[in-house]
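Asks: Using this note's numbering, the first residue of the sequence shown is number 159, and each one after it goes up by one.
Hints are supplied without guarantee of correctness; some may be wrong.
[Unchecked claim] Computed spacing ranges between beta-carbons, pair by pair:
1. Asn335 - Ser281: 27 to 37 angstroms
2. Ser279 - Gln354: 30 to 40 angstroms
3. Gly328 - Lys221: 22 to 32 angstroms
The hints are simulated quantities; they were obtained by calculation from the structure and are not laboratory data.
No residue lacks a Cβ here, since even glycine has one placed at the ideal position from N, Cα and C.
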Amino acid sequence: MSQDVPPTFEELQECVQDVITYLKRLDAPNIGQTRILVIGGVALCKYLRNRTTKDADFWINLKNAPKSVKERLVAIPNSPFIQQADFFRYIHPQSGKRIQVDFVADWMAPHLENKAVPLGSLSSGTIPWLNETDLLVCKIDACGERAETDKRVQDAGDAIALTRDLTRGGHNLHLSNVQTGIVINGLDDLVRYSGQEKAWWEQKLGLRSSATP
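Work the whole structure out from these sequences, hints included.
Replies: See the structure below:
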C-alpha cells in the first residue's frame, strides 16, 4: 500500500485504540491515573469527515512525555510502533500504512487538563476525543503560534470549517472564560490567515452580541 494514500478514519481509530491499549501496559507508576486526550488532525477527522490526516496526536500528562512514552512503546515485544529518525510511527497491522503518532506534553496545553480522561477509566474501544468546541479553540491558538505560514493558513481554514459546523442552524457559540481568553489572544492572526472579517468571527464565536454576518 502506497504511503501517499492517507489512512481511513477507521484505520486512524484503530491506531488510537492500540496506542491507548499499549499505554495501559506500560510499567510506569500510576499509569492508570495518567490522563489522556485525543487531539489534533485525527480529532478533526471525527467532526469533519472530508478531512484527512496521516497523524494521530495525543495530549498526555505522563512524566517526561513525549520522549519516554515513545521509547517505552517501541521497547514492547512485537510492538507495532517504530522510531524512524525524528518520526514515531504506528504500522497498521492490516494495511501496513504508517501513521505518525505524537504526544503533546501537558504543560504545552494546560487548559486541556480537565478535559483529559484517566487511562484506567477507559474501557476497551473507548476513545477520549477532545470535544469539537475545544478543538476549535486549539486550532485558533495554533494559528497564532505556528512558525510556518502554510500551517497557519491550514489551521485558520480548519477553524472556519469547525465554526461553520458548530454554528449550523444559526446558533453562535458560548465559550467559557478560559476559551474566550485564548480566542481573543489569537483573533488577529485568525483574521489575517482565514480571509474572514473580524466581525464574522466575533459574531460566530459569541464575542459580541451583534456583528455583520
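Asks: Are the hints correct? Go through all of them and say.
Replies: Status of each hint after checking the structure:
no. : hint                                : result
1   : Asn335 - Ser281: 27 to 37 angstroms : holds (33 angstroms)
2   : Ser279 - Gln354: 30 to 40 angstroms : holds (39 angstroms)
3   : Gly328 - Lys221: 22 to 32 angstroms : violated (46 angstroms)
Comparing the model with each earlier hint shows a violation of hint 3 alone; every other hint is respected.
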